[in-house]
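Student: Knowing the structure of chain C, use the given hints to seat chain S on it.
Protein chains in written order, with my numbering: chain C, 1 to 128; chain S, 1 to 543.
FYI, nobody ran anything at the bench for these hints, they're computed from the structure. Think of the CB as a built atom: it goes at the ideal place given N, C-alpha and C, for glycine as much as any other residue. Keep in mind that the hints are not guaranteed to be accurate.
As the list claims (entries may be wrong) - Calculated pairs, SDA-like style, for lysine to any residue (alpha carbon to alpha carbon, straight line, at most 20 Å):
no., chain 1, residue 1, chain 2, residue 2
1, C, Lys43, S, Arg523
2, S, Lys257, S, Ala488
3, S, Lys292, S, Ser52
4, S, Lys288, C, Arg45
5, S, Lys123, S, Tyr444
6, S, Lys123, S, Arg451
7, C, Lys78, S, Gln227
8, C, Lys78, S, Ser225
9, S, Lys292, S, Lys539
10, S, Lys446, S, Ile508
11, S, Lys539, C, Glu124
12, S, Lys446, S, Glu522
13, S, Lys292, S, Leu101
14, S, Lys446, C, Glu28
15, S, Lys292, C, Phe107
16, S, Lys257, C, Glu122
17, C, Lys43, S, Thr286
18, S, Lys323, S, Asp161
19, S, Lys257, C, Val63
20, S, Lys288, C, Glu122
21, S, Lys214, S, Val198
22, S, Lys292, C, Gly102
23, S, Lys123, S, Lys539
24, C, Lys43, S, Asp161
25, C, Lys78, S, Ser220
26, S, Lys123, S, Lys323
27, S, Lys539, S, Ser389
Stated by the list, open to error - One-sided and incomplete, this derived list gives chain C residues near chain S with beta-carbon spacing under 10 Å:
no., residue
28, Phe30
29, Val50
30, Tyr61
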Amino acid sequence: MRRGGKRIPMEDTVSTNPTVAAPVPTGEQFVEMQHSPQFQELKSRLRRFVFPMTAFFLVWYAVYVLLGAFADGFMAIKVWGDINVGLILGLLQFITTFVITGLYVRFANRQLDPRAEALRNEMEGATL
Amino acid sequence: MKTLDLAATVGSPVVNISIFVAFVAVTMYIVIRASKNNNSAADFFTGGRGFSGPQNGIAIAGDYLSAASFLGIAGAIAVYGYDGFLYSIGFLVAWLVALLLVAELLRNTGKFTMADVLSFRLKQRPVRLAAAISTLAVSLFYLLAQMAGAGGLVALLLDIDSRLGQSIVIAVVGALMIVYVLVGGMKGTTWVQIIKAVLLISGAAIMTFIVLAKFGMNLSSILGSAQDAIAGSADEQVAARDVLAPGAQYGGSLESKINFLSLAIALVLGTAGLPHVLMRFYTVPTAKEARKSVVWAIALIGAFYLFTLILGYGAAALVGPDKILAAAGGQNAAAPLLAFELGGVVLLGVISAVAFATILAVVAGLAITASASFAHDIYASVIKRNKVSEDDQVRVSRYTVVVLGVLGIVLGILANGQNIAFLVALAFAIAAAANLPTIVYSLYWKRFNTRGALWSMYGGLISTIVLIVFSPAVSGSASSMIPGADFAWFPLANPGIVSIPLAFVLGIIGTLTSPSDTGDVERSAEMEVRSLTGIGAEKAVQH
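Okay, chain C solo, but in the shape it has when bound (with noise of 0.2 Å):
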């Protein structure tokens, strides 16, 4: 279950700075990253999906909470048998979480940890 990294981490002193010991990249490189093409296009698809997606589930618990609160008439009609539409839009609340986590991991898997690693390779390799 562990995991190792090459590096050591430093236990003598607290570091205002939480990274590690080993050669760690400067300022200058961290801003040079900030602004290198792959690294906007990494950040950029993260927020494109993350920030979309969290508005429609934050509006649709909004819409769904609003409905319990009040329309407790229309969340009471029957749809089949004793199973109302509250029930439903309920157990549609824990689908769509299920089916946007499910979303996520792929999106992530895909398309934010390949360009992630590249960057990561490129800056660590640049400094040990």
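Tutor: What follows is chain S alone, placed relative to chain C:
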């Protein structure tokens, strides 16, 4: 007082206690074994960052599914129906905030505590202090709710009705918590959470299956029987409830509906700001494992809340509302009574022991978080200005655990029997108001600066506490904490609808009114690059 109600305790206290003692013995053995390799601060505070994503995900579920969400939600569904279900949905959807916005970037940037991330590119000491104060406040309220809840649980499960007996049990819970954390550190605590989560979720799964089997796997028929049982209640108020639609608990006046919305906001935004949940992301080696942890947590927590839906309605149908409300512990007794109905003394014993284990595991997780924050943020950074070794931080953290444990025992005994349900909601409201805005701004908003962080954190913390003090939760109504007094002027027991937006706005105003503080360009670049790529992220400890 509900807990002193002498009405029927069911099952065998001896069996309940034996199963609980067995749980303590097994976990203690594992904690001692797991702690053999605890050498460094990273071992003590993060379990050496050596847990896998699935392991951590199970532990997160163990941390999150407190006795309140097991006994509380199942009970609320049994007695109020749909409104209890609404409550659990907020707790679940909240995890998407953690998954999409917080978990991975936090893992990449921080070391031991939430404050590591918040103070990364801002002025260290003031921001760390604010983050630590808010961490301690959230942890203390949450801890207090769990400890006081233990008293009520004892009355129900162990047949201990005397105030003294309950106080002793609260003291035992506190003492066990201290031992777990001192001996096992984060590694031991994590194993306690994992074992507890497996027991709790499989116990609930078995009960759910039996209930479904009794109704021919027909959900509609469970719902129908539950509504019939409610309608047959001797209590007219209960009998009049429509438990299949919303409104039985939070319906009625506009005020009560807005109060419910306020609670819903705090639930959905609070989770990703709970310090003891955030700290769990440091126990895994990489951001990818942090992502896996949340996926596992969402799957387990989601499944668990679906089980509680069946268990709640099942308890209404099979046990009946009158028997539940007459039991010691009131609606919290729904799940244990259902266990007794389904599987007799043994199943009740298992479920009771699991409920206890739940309290134990949750308080241990809170204690290590609060003590890490005190040692790492306040003692090392603010007081000693970083001139202490990490070993010293661990030492201070250990003292803090003892102090917290004793404080928790004393406050828990004092609060025993009080209306403490609002304490958990308060902890979520503070987490959402004081922590989440600053977490999100510091990860995603370049201009965000120190004043913005301080205004948002202190503004969120103070407004939440002030509003709750002057709310009907504390005074002015029959169910208040201080029933005799009336100094309430804020109409809602849940302050989130005011304090959370206020904290978000204060963060913006604070930042925009201090345009000269543009921060350190290199530090900001470092934070952004690290958070997204994992460069320089803390590595797992090698033994």
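Student: Against each hint, give a clear statement of whether it holds in the structure.
Tutor: Outcome of the hint check:
A threshold of 20 Å between alpha carbons decides the hint, and for Lys43/C with Arg523/S the separation of about 17 Å falls inside it, so the pair holds. With a CA separation close to 19 Å, the supplied pair Lys257/S and Ala488/S stays within the 20 Å bound. Pair hint Lys292/S plus Ser52/S holds up; C-alpha atoms about 9 Å apart against a cutoff of 20 Å. The suggested pairing of Lys288/S with Arg45/C holds, with an alpha-carbon distance near 17 Å, which does not exceed 20 Å.
Of the supplied pair hints, the one linking Lys123/S and Tyr444/S holds, its CA atoms being roughly 18 Å apart against a limit of 20 Å. Distance check on the hinted pair: Lys123/S and Arg451/S sit about 9 Å apart at the alpha-carbon level, within 20 Å; holds. For the hint linking Lys78/C to Gln227/S, the alpha-carbon distance of about 13 Å falls within 20 Å, and the restraint holds. Restraint check for Lys78/C and Ser225/S: the C-alpha separation of about 15 Å stays at or below 20 Å, so the hint holds.
As the CA atoms of Lys292/S and Lys539/S are separated by approximately 17 Å, the hinted pair is consistent with the 20 Å bound. For the hint pairing Lys446/S with Ile508/S, the CA-to-CA distance comes to about 12 Å; that is within 20 Å, so the pair holds. Proximity of Lys539/S to Glu124/C is assessed by CA-CA distance (about 14 Å); at most 20 Å being required, the pair is judged to hold. Restraint check for Lys446/S and Glu522/S: the C-alpha separation of about 12 Å stays at or below 20 Å, so the hint holds.
Annotation: proposed proximity of Lys292/S to Leu101/S holds, straight-line Cα distance about 14 Å (limit 20 Å). Annotation: proposed proximity of Lys446/S to Glu28/C holds, straight-line Cα distance about 17 Å (limit 20 Å). For the given pair, Lys292/S sits about 13 Å from Phe107/C by alpha-carbon distance, which is consistent with the 20 Å threshold. Simply put, Lys257/S and Glu122/C have alpha-carbon atoms about 54 Å apart, too far for the 20 Å limit, and the pair is violated.
For a cut-off of 20 Å, the pair hint linking Lys43/C to Thr286/S stands: about 19 Å separates their Cα positions. Of the pairs offered as hints, the one joining Lys323/S and Asp161/S holds, with about 18 Å between alpha carbons and a cut-off of 20 Å not exceeded. For the given pair, Lys257/S sits about 14 Å from Val63/C by alpha-carbon distance, which is consistent with the 20 Å threshold. This hinted pair checks out: Lys288/S and Glu122/C have alpha carbons roughly 19 Å apart, not beyond 20 Å.
With a C-alpha separation of about 24 Å, the suggested pairing of Lys214/S with Val198/S is violated against the 20 Å cut-off. With a C-alpha separation of about 11 Å, the suggested pairing of Lys292/S with Gly102/C holds against the 20 Å cut-off. Under the criterion of a C-alpha separation no larger than 20 Å, the hint pairing Lys123/S with Lys539/S is inconsistent with the structure, at around 25 Å. Proposed proximity of Lys43/C and Asp161/S is contradicted: the alpha carbons are some 59 Å apart, above 20 Å.
A C-alpha spacing of about 11 Å is found between Lys78/C and Ser220/S, which places the hinted pair at or below 20 Å, so the restraint holds. Distance check on the hinted pair: Lys123/S and Lys323/S sit about 57 Å apart at the alpha-carbon level, beyond 20 Å; violated. Proximity of Lys539/S to Ser389/S is assessed by CA-CA distance (about 19 Å); at most 20 Å being required, the pair is judged to hold. A least Cβ separation of about 4 Å between Phe30/C and chain S falls short of the 10 Å threshold, and the interface hint therefore holds.
Hint status for Val50/C relative to chain S: holds, with the closest Cβ pair at about 4 Å, below 10 Å. The restraint placing Tyr61/C at the interface with chain S holds, with a minimum CB-CB distance near 5 Å, inside the 10 Å limit.
When held up to the earlier numbered hints, the structure conflicts with 16, 21, 23, 24 and 26 and fits the remainder.
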